[in-house]
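Visitor: Residue numbers (numbering that gives the first Met the number 0), protein chains in the order written: chain A, 0 to 307; chain B, 0 to 307; chain C, 0 to 307; chain D, 0 to 307.
No wet-lab data here; the hints were simulated from the structure.
Possibly wrong hints are sitting among the right ones.
[Claimed, not checked] Here are some of the chain D residues that sit facing chain C, going by a computed Cβ distance under 7 Å:
| # | residue |
| --- | --- |
| 1 | S1 |
| 2 | V36 |
| 3 | E54 |
| 4 | G67 |
| 5 | M75 |
| 6 | V78 |
| 7 | T90 |
| 8 | S91 |
| 9 | A94 |
| 10 | G98 |
| 11 | W248 |
| 12 | H252 |
| 13 | T287 |
| 14 | T289 |
| 15 | T297 |
[Unchecked claim] Label pairs and their in silico Cβ distance ranges:
| # | chain 1 | residue 1 | chain 2 | residue 2 | range |
| --- | --- | --- | --- | --- | --- |
| 16 | C | T62 | A | G20 | 42 to 52 Å |
| 17 | D | E170 | B | P162 | 53 to 63 Å |
| 18 | D | I244 | C | N29 | 49 to 59 Å |
Quick reminder that beta carbons are idealized off the backbone N, C-alpha and C, glycines included.
Below, each chain spelled out in residue letters.
Protein chains: 4
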Amino acid sequence: MSLPAEFHEIAARVNNWGRWGQDDEIGTLNLINDEAVREAADTVRSGLRVPLALELRQDGVQTGVIPGRVNPLHVMVQVNQELFGPDTVATSDDAVTLGLQAGTHWDALTHASHSGRIYNGRPASTVTAHGRSAFSGIHTVRHVAGRGVLLDVAAAKGVDRLPGDHAVTPEDLDEAAEFGRVTVRAGDLVLVRTGQIRAYLAGDRHGYAFPSPGLSVRTPEWFHARDVAAVANDTLTFEIFPPEIDGLWMPVHALDLVEMGMLQGQNWNLEELSTTCAQEGRYAFLLTATPEPFVGGTGAPVAPVALL
Amino acid sequence: MSLPAEFHEIAARVNNWGRWGQDDEIGTLNLINDEAVREAADTVRSGLRVPLALELRQDGVQTGVIPGRVNPLHVMVQVNQELFGPDTVATSDDAVTLGLQAGTHWDALTHASHSGRIYNGRPASTVTAHGRSAFSGIHTVRHVAGRGVLLDVAAAKGVDRLPGDHAVTPEDLDEAAEFGRVTVRAGDLVLVRTGQIRAYLAGDRHGYAFPSPGLSVRTPEWFHARDVAAVANDTLTFEIFPPEIDGLWMPVHALDLVEMGMLQGQNWNLEELSTTCAQEGRYAFLLTATPEPFVGGTGAPVAPVALL
Amino acid sequence: MSLPAEFHEIAARVNNWGRWGQDDEIGTLNLINDEAVREAADTVRSGLRVPLALELRQDGVQTGVIPGRVNPLHVMVQVNQELFGPDTVATSDDAVTLGLQAGTHWDALTHASHSGRIYNGRPASTVTAHGRSAFSGIHTVRHVAGRGVLLDVAAAKGVDRLPGDHAVTPEDLDEAAEFGRVTVRAGDLVLVRTGQIRAYLAGDRHGYAFPSPGLSVRTPEWFHARDVAAVANDTLTFEIFPPEIDGLWMPVHALDLVEMGMLQGQNWNLEELSTTCAQEGRYAFLLTATPEPFVGGTGAPVAPVALL
Amino acid sequence: MSLPAEFHEIAARVNNWGRWGQDDEIGTLNLINDEAVREAADTVRSGLRVPLALELRQDGVQTGVIPGRVNPLHVMVQVNQELFGPDTVATSDDAVTLGLQAGTHWDALTHASHSGRIYNGRPASTVTAHGRSAFSGIHTVRHVAGRGVLLDVAAAKGVDRLPGDHAVTPEDLDEAAEFGRVTVRAGDLVLVRTGQIRAYLAGDRHGYAFPSPGLSVRTPEWFHARDVAAVANDTLTFEIFPPEIDGLWMPVHALDLVEMGMLQGQNWNLEELSTTCAQEGRYAFLLTATPEPFVGGTGAPVAPVALL
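The following block holds chain A by itself, in its conformation from the complex:
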């Protein structure tokens, strides 16, 4: 069963291959320029800092359904060890094994492929088993910092959490922008809140995973029209899951990552930010969210912070 015509039509409309040259590896992040960062810094008025990463822990959001995407196994390799003899200064050290996409993370552009291609038309086979993406590995991003905008879809609709079968549409995004009295513009880092992560925070990992509200297959065109730099939300799957169109699995991944070359973020905890934006009456802020630079990673953990 190949991808339907409808998918290919949207793909053609949002495709950015070649837009920043044949050698480009970072896609829409090119849209964040120095001016955008200066303007983002200007949004900091109160000096508040809001962290957006979930705690990394063995009972994290992964349930085992996604093969190999393991929650962190955090272990001590030294505990108060006096390396230099008795009664000297002691140190403790630890190590961890985790899936790079296990917690709050960015997908690299190489996380998805379709029809044998990744972003910018490169062969999908440039992602290899040897722990490397030859192109567009997450480390090529270097830095993610700019104006963040919270589109609080749940709050705009007056609910804590969208229903599990709710596809977030372009109309929902417009509604949330209006709710926050904010205009999305070129180079913005857009955070879309569904409230779904409240299930996890309340202890229901399986309910968090599935079914999940998420972005509709119609949203990539909305982001493309506004030249958004990257999008993150508070779900495991990013897009609505199970999907809107029967048999068309993960179309938003393919459109955002492969066609547009736009980073996607998942498992971002937007609860505290939602409260803070409401209290401040401001939905734009300085967002810094540079992923851990694993060379060739198809994703990486990130500890984003919003400064208001």
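Please build the complex by placing chains B, C and D on the supplied structure of chain A, with the hints as guidance.
Guide: Below, chains B, C and D alone, put in the same frame as chain A:
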């Protein structure tokens, strides 16, 4: 061989136990307040972004000398896998095993102990083998963002890299502040550049590790006098290694982490920042450097970014 | 709530501390002598080989209930990589992260402690966070090979699988020995079949884990009286779980490992062996079951084979 | 640079594809039948047990030269933890990350491919990045037990250790068989001792790795003519390294694993066995060496034991 009287005298002068209450877990990070963040945001004039993390790779800075502190083993767990059937959207996923202090990182306050105590006078035994610091785990930090100041000691002295036996003294810090025409003040995040990381970047891992220039046992008093929030540099050991005083190993770790409760950062790549600050003629900037929130971690990777 | 008097009375009766000297690290494995191995070899008549290890896989027997005891995460680090240039011989390599007691394994004597002591009266504190048991680590075992005896308790009772609340008693062991027309003697490696592992093999991991039939607190005396060298069975918990005596958790672990110094094996797949023994009409065989020699391990994977 | 004609000529002579059917996954292990196991058991006369595995430790034989083949990182996940409350029985648990071929191991038949093929003519592409060999994964072996034969090439030549540039030839194998007064026959598990591992045991890991004596490209025909079931030795590379024929890398791997379908073992410690065989005057014994059954593994750790 117990710790010498000289150590205990300095310890008494820089001790912050109880300063922010008996329950405090974050020490000098309490010194970053909203006003400091607002002022930090005001330092962003050009909109430049400078990443400070080393790439995370299997041939990273660790040489095997520190037991258990392993370089990242980055592996693919899916490569272009069509999870939902042939000709569907494919995904790639990866996982990693690494020491939490293997690359560019913050030490948590629990990374060091002496005389059976960690920061705030708690028993060192609250750090246990079960992968948890009961107190002051790196996740308690929540966010690190504020005014960053580069003290470019190497540049101030007109060298690319300090000699391996150079202990960075308070006088060196004063000289570098004057060189950068910047005054260190309460709540600052101070970055001290020795140039030592150039050895690693040139391919000499062993030369990077040892011998290494680094902070003198006299610097904690300098930081304490200025109420600095945290300090990072571009070495593996942070302090000069081998140590200045024969038989007194890692005194700076004990003074900074245990006595003052001040985060230390290591393996920060300050080369690009050095160039940028010189070009801009400015040595203060907005620095965001929130560590990955591993629950109970005695350290964690961080991907810091300076915004100028 | 300390350990009850009843526990201490049994402990006194089965205690082997000092029996093989103050320096001994391997306990009842001392009971396997050369003659026992010669006699074991004589039991090989048909030349049949029966493996007793479960496959090691990510969906293994661990459910996440035991902290840190993770199922194998098996990953490729090279796939058909031509390390020496195009059109040369290619190789594939893999790596794994797993709990040493995640699958079919032996507990080392250091796996359990009580009242601050491990086997032979050594302080429990000789097991440290640095990945080492100073004494009695699993590598000290060197080899496990001798006469194996299957006590097929389930078959003796005419059931596929004992009920979840069935404590296997000394009387059950006698019954199974009689069923197999075999006499347990000094130096034997005893395998006790409950059939519980059929739950896991049928896909019910949670039902396998709990509740589980297993050895009664009365069995250590039976093993002690016969000078058995080691005991393994086909359950996750080895002993009945939840326990027979309210509030007395894991008494069999404490008696076998700490007091007697007798290795315990868990998650052994005895199904094929049960069938083979029944077909051959013989319940004694040559068993080789040397654990992977992880230095200082408190347990280790083992791939046992019975030769009949 | 493709494989030379000489290679293809030998390949044609030793090829076993289809010999045990199109569905066969285990190659020459088919040659171990029940009778061979009975005869192997008959070789046990003294009851001696000799372990052949190296200790698994962080300072193991790997030097970092082979990407991803990491020495064991052994960590504690629980240390004397009283899971069920104070003064109860405590347990210690550990976990490990390691390359499956890091220590004493068997290569699976899928470890090597050439010209796009693995054993039995299957496509090399059946080995995938998802942690699976679809065919001939190490778990398909089920058990390895039979008659072991030590060909002590070093002892036959009167040296402790062969020189680093010594290719072990068919003539050397004949000489060692004569030295041990043993005839290699169908189904035998052959151990070839070079003494090279003495370098590692003496602390010289780099000297152990390279240059290394090992099997000549002429030996596969010798093993094929005798219908040997599997071969292991005491080197890192198995075959002589650097290779005998300029530009022909790892031909023995390709001939043994791909063409013949014969397991290879590496890093086996044959020192104690050498001494024991000399003392007993016997070079044949019962060998059990079942690898840990990692599903789809292209190799696996093994803890072999020789019984004499």
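Visitor: Confirm or reject each hint.
Guide: So, going through the hints one by one against the coordinates:
1. Interface restraint check for S1(D): the shortest CB-CB distance to chain C comes to about 4 Å, inside 7 Å, so the restraint holds.
2. Hint status for V36(D): holds, given a least beta-carbon distance of 4 Å to chain C, under 7 Å.
3. Hint status for E54(D) relative to chain C: holds, with the closest Cβ pair at about 5 Å, below 7 Å.
4. The restraint placing G67(D) at the interface with chain C holds, with a minimum CB-CB distance near 3 Å, inside the 7 Å limit.
5. Hint status for M75(D) relative to chain C: holds, with the closest Cβ pair at about 5 Å, below 7 Å.
6. A cut of 7 Å between beta carbons decides the hint on V78(D): the least distance to chain C is about 5 Å, and the hint holds.
7. For T90(D), the shortest C-beta to C-beta distance to chain C is roughly 5 Å, which falls under 7 Å, so the interface hint holds.
8. Below 7 Å, beta-carbon pairs count as interface contacts, and S91(D) has one with chain C at about 4 Å; its hint therefore holds.
9. At its closest, the beta carbon of A94(D) sits 5 Å from a beta carbon of chain C; the interface hint therefore holds under the 7 Å criterion.
10. Below 7 Å, beta-carbon pairs count as interface contacts, and G98(D) has one with chain C at about 5 Å; its hint therefore holds.
11. With its C-beta approaching chain C no nearer than about 4 Å, W248(D) sits inside the 7 Å limit, and its interface hint holds.
12. Interface restraint check for H252(D): the shortest CB-CB distance to chain C comes to about 6 Å, inside 7 Å, so the restraint holds.
13. Given hint, T287(D) at the interface with chain C, holds; its Cβ is 4 Å from that chain's nearest Cβ, closer than 7 Å.
14. At its closest, the beta carbon of T289(D) sits 4 Å from a beta carbon of chain C; the interface hint therefore holds under the 7 Å criterion.
15. Here the hint on T297(D) is kept, as its CB sits about 4 Å from the closest CB of chain C, short of 7 Å.
16. Taking the beta carbon of each, T62(C) and G20(A) are about 50 Å apart, inside 42 to 52 Å as hinted.
17. Remark: the range hint 53 to 63 Å for E170(D) to P162(B) is upheld by a beta-carbon distance near 59 Å.
18. For the pair I244(D) and N29(C), the supplied restraint of 49 to 59 Å holds, since their beta-carbon distance comes to about 52 Å.
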